[in-house]
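Here the protein sequences come in this chain order: B and L. According to the numbering used here, the first sequence holds residues 1201 to 1625 in order. According to the numbering used here, the second sequence holds residues 1158 to 1788 in order.
If you are wondering where the hints come from, they were derived from the structure by calculation, not from laboratory data. Be careful, since some hints might not be right.
[To be verified] Reference listing, derived: stretches of chain B covered by chain L, where coverage requires no fewer than 3 residues with Cβ under 8 Å from a Cβ of chain L:
{"no.": "1", "region": "1265-1277"}
{"no.": "2", "region": "1405-1419"}
{"no.": "3", "region": "1485-1498"}
[Said to hold, decoys possible] A short list of chain L residues far from chain B (calculated; beta carbon distances all over 12 Å):
{"no.": "4", "residue": "Gly1251"}
{"no.": "5", "residue": "Leu1269"}
{"no.": "6", "residue": "Pro1289"}
{"no.": "7", "residue": "Glu1302"}
{"no.": "8", "residue": "Trp1340"}
{"no.": "9", "residue": "Gly1644"}
{"no.": "10", "residue": "Thr1727"}
{"no.": "11", "residue": "Ser1757"}
{"no.": "12", "residue": "Ala1775"}
{"no.": "13", "residue": "Ala1778"}
[What the hints assert, rightly or not] Derived list of chain L stretches under chain B, where covered just means 3 residues or more per stretch with a C-beta under 8 Å from a C-beta of chain B:
{"no.": "14", "region": "1417-1426"}
{"no.": "15", "region": "1436-1444"}
Don't be surprised by glycine CBs; every beta carbon is placed ideally from N, CA and C.
Take a look at the letters that make up each chain.
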Amino acid sequence: MLTRRDLVRASLLAPFAGLLAAPRRAHAQSAVAKRLVIFFSPNGTVHRHWRPAGMGTSFDFPAGTILEPLAELKNDLLILDGLDFMNGNNHEGGMSTMLTGGGASSSPSQGMSVDQFIAARLAAPTRFPSLELGVQTSAWGGNTQTRMCYRRAGEHIAPADRPAEVYRRLFGDTGTPATADLLLQKRKSVLDLIRDEVGALQNNLGTEERAKLDAHLTSLRSVELSLSGSTTPTASCDSAQAMLPADPGQNDAFPAVCRAQTDLMVSALACDFTRVATLQCSHTVSPTVFSWLGIGDGHHSLSHTDDSNTAGMAQFIAAERWFAEQFAYLVDKLKSLPEPGGGGSMLDNSLVVWVKELGDSRLHECRSVPFVFAGKAGGYLTPGKYLRFDNLSHQKLLVTICRAMGVDTDTFGDPNISTGALEGV
Amino acid sequence: MKKIALLFTILSLEGCNAIGNIGAGDPVPPQEMIDPNNPPPVTPQPPVSCDQPQYGRRLLRRLTRGEYDRTIEDLLGIRGDYGERFAADTSVDGYDNHAEALVVAPLLADQLRLAAEDLSARAVENLNALVPCAAGTPDENCATELIRSFGERAYRRPLTETEVGRYRTLYRGMENFQDGIRWIIAAMLQSPNFLYRSEIGSGGERGVYRLSAYEIATELSYFITGSMPDPTLLEAAKNNTLTDPAVLEREAKRLFHSPRAKFMLSRFTDSWLELDRLAEVPKDAMTYPQFDAALREQMRLDTENFIARVVYEGSGTFSGLLTTTDGAPERVGLLAQPSLLSVHARPNSSSPVHRGKLVRERLLCQKLPPPPPGVVVQPPPLDPNLTSRERYARHASDPLCNGCHRMIDPIGVAFEHFDGAGVFRELENSRAIDDDGEIVSSRSTNTTFDGLSGLAGVLAESDEVRGCFVEHWFRFAYGLTPQGELGCVLGDLKTRVGGGDPSIEQVVVALAVHPHTQQRTGAPVDPMEPEEPMEPVEPEEPVSMPPVQEISVNVHEDSRWETGHCDQVTVTNLGANPLDWRITLSIEGTLTQHWNTQASATSGDVVFEGVSWNDVIAPGASAAFGYCAAL
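One chain only, chain B, in its complex shape:
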């Protein structure tokens, strides 16, 4: 287990965290901006231990079920049941379809995942168009199983798995107030030089490897944006609470990493460093051992527990309830923070989505994949309901997410399979 000594106070790593540079650019928008947060946990579910009792606005979470830890937030939630992935099945298919809706480069969504599509459409004047954070996503390298966000068709995005580095990129990298401007100027000179070098290389190459170098140039632009954007934290975006585990790849550090990433993500949103963020806990076929709950087998093995194996099922439910607690912590935190630019809480103007890649984990099927929404998305959503759909394409849910965020679209993913949004949300 993790000890106190493994944890380092974020403020120790960043002595200037409270003394960040003066604003270089005022906040651009006066209207309150909406935020999208996507939270992933792996290996499907067992429906009879997940489903709420009741229907519509009259529902609750029976004792001992997976969603019970969300009981106090019930009126902030939309529980969405009966949505199928029409164009992906099994672990890999589920993981890659979950946020892309099976879109190809020729689709209106161009094969992007919904978070990237929205970030691109919003084009918010924030330091980061989007933030991708992870908890132990990469021990098997990057592949279709371990990634959920897609920049474009076939090109997935690696999440940042190390809270200390995330902290530094968000809060700890601007120098002292006295040196910040000079440091920025030096960094810009370096970026200019690198851009010249990439350009010269492109001239030598002709058509080969053009896409690789174009992508490199795009990345340099995003570095520049993240450096030059406003770094002024508002009162509510204090980051000093983040505890940064020293060895975030070790199995037993999983809870501490998940907590730190959640705290950092919420801080980034509160500071308006980004408006689109994803937090991916492990990946499909996750081998994570929930040792902190006294469980000895890996999560994927547990997810295949047969109904007759009561001891194994109890462990799987315990693991799933733990994820529900983490989701509750995230939602609760957004709810507790006042909206920096207006009335109400941050949650009122946010849409938080808990996604999974499979329906019944034992069957390797993507039917009735469980989804949970939290927040009002600035009034677009009316939470406090349990909705059961009749095997609709989850692409409708992706369209709903777009529209809730103010991005108008009729389809998301493969337009030949599904159009339109969910009704009744």
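Following the hints, complete the assembly by docking chain L onto the known chain B.
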């Protein structure tokens, strides 16, 4: 060899040998970088003729995370894990060095910036050791000298005057000498000329580019040492002697026998046998309380040292890797290394499934399909009264499982004398362990065997496994997938390595001196003409229909349920010549998955053809493949 096209319409189906789950508890290994949402377009391609010498196209290969750290150590004398902490790259077939996957994404660009700023600040702490001029002359001339000398090592070639000018301008904008040097280094460590290994070449007449001596030196050095060229190699590049194949071979052998090559051997084995998961593979602390970080590191070191002993002090051969005993008599070869046995196991037990899958996929080069959706699967729970083999008995008895598991478990049981932490056990749960097994459905390695030493002996003698081994080396050395022209390069390499039991040195040198390391294809350069479209595609030769009786096709329905079915197909070559097969089957429903074959469509009349390990069938031999379809 001609492709044979035949149309079979299946009128009757026989047998019911159900296909089932491939190990519910098993991590599916990283697959090719193919997005299921966006399968690569199936364009009819003219058959590749391997008659001409073949080589790949021009490339920029970004340093891998491991190569970054080793290069920094050689360049700056700073040992660290900066690269290791970068976001994990997309791995292709288990290799993290695939040329197409190694890009600079936004997160990595920022991580490279942070690393470069940290490293440059550390480097100038000891300024006198870094700069080439006397400490008394910290001026622009000295800085320029550093730009040239340090730059030549960072870029692995001399800088052009334009490049020198860019850095001099950067220097002039900084606060003082030390600050200037610091930001020169920070910029060089983010330059594309540092981050990408250039395999671009020059020339371009008729689309052929010759790599420069510096490019050849870089390629050789990163392949064999995982880092930048050493001074000897840079000197050889400067003298332009490396374009002489004899010199190239001499240098390859020199590096192979240098201590720096140890990294290559363990890096290759880590990727080949997926040992890179060892540091973080979850283990149950109740079952294996000893399995801490120190033990993981010890296991890694032990395997690294074992490989080095076989290669440099032992037989040095492929079969030696698989059969040399390491200490106790039961530790036979790589497959009995505790590192491998721990990675390929469950958190709280051994796993015949994980281990059988490893052999099937990484030593026989046969990819297994995922379990079909809609089948309830549960790994057998731990049972204090049974051995693991007994626990998994259902895989053999239940026809729903056996279709696939007969290719896996009978191999994996060979490892049963080793628990999930790689510890030898005479008995399991006080019961005798039966570790005799069988290989079925391989190209040429089908046999029964006695225990792990028996299995290791069979694999070490197999042409099929040896070919698979060379294919893995190809992926590791070139960072490419052996398809199209590169399939010809792989075939050529196998020929160059030759029959019998090759030494590892033979394999490495064959890769190092192959024409692919010296020339490349690319769009032809002709400044007088507007850019030409790709080379004209030669019309495909008309395919003559051979007599039908030269091939027999047998389709077994493995399983059928309300909404789907799975079939196994056996194609037998009845003729006297090797057969490159292609058959058409009329499919009921829509294909949801297929294995050991490529399919032209998902419904109706579907053309199936072989994959690398079964596309050519020897006279009298058979190839087997399978598919599932939704109804």
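Exercise for the section: Enumerate the violated hints, using their earlier numbering and listing them in ascending order. Expected result: Numbers 1, 4, 5, 8, 14, in rising order.
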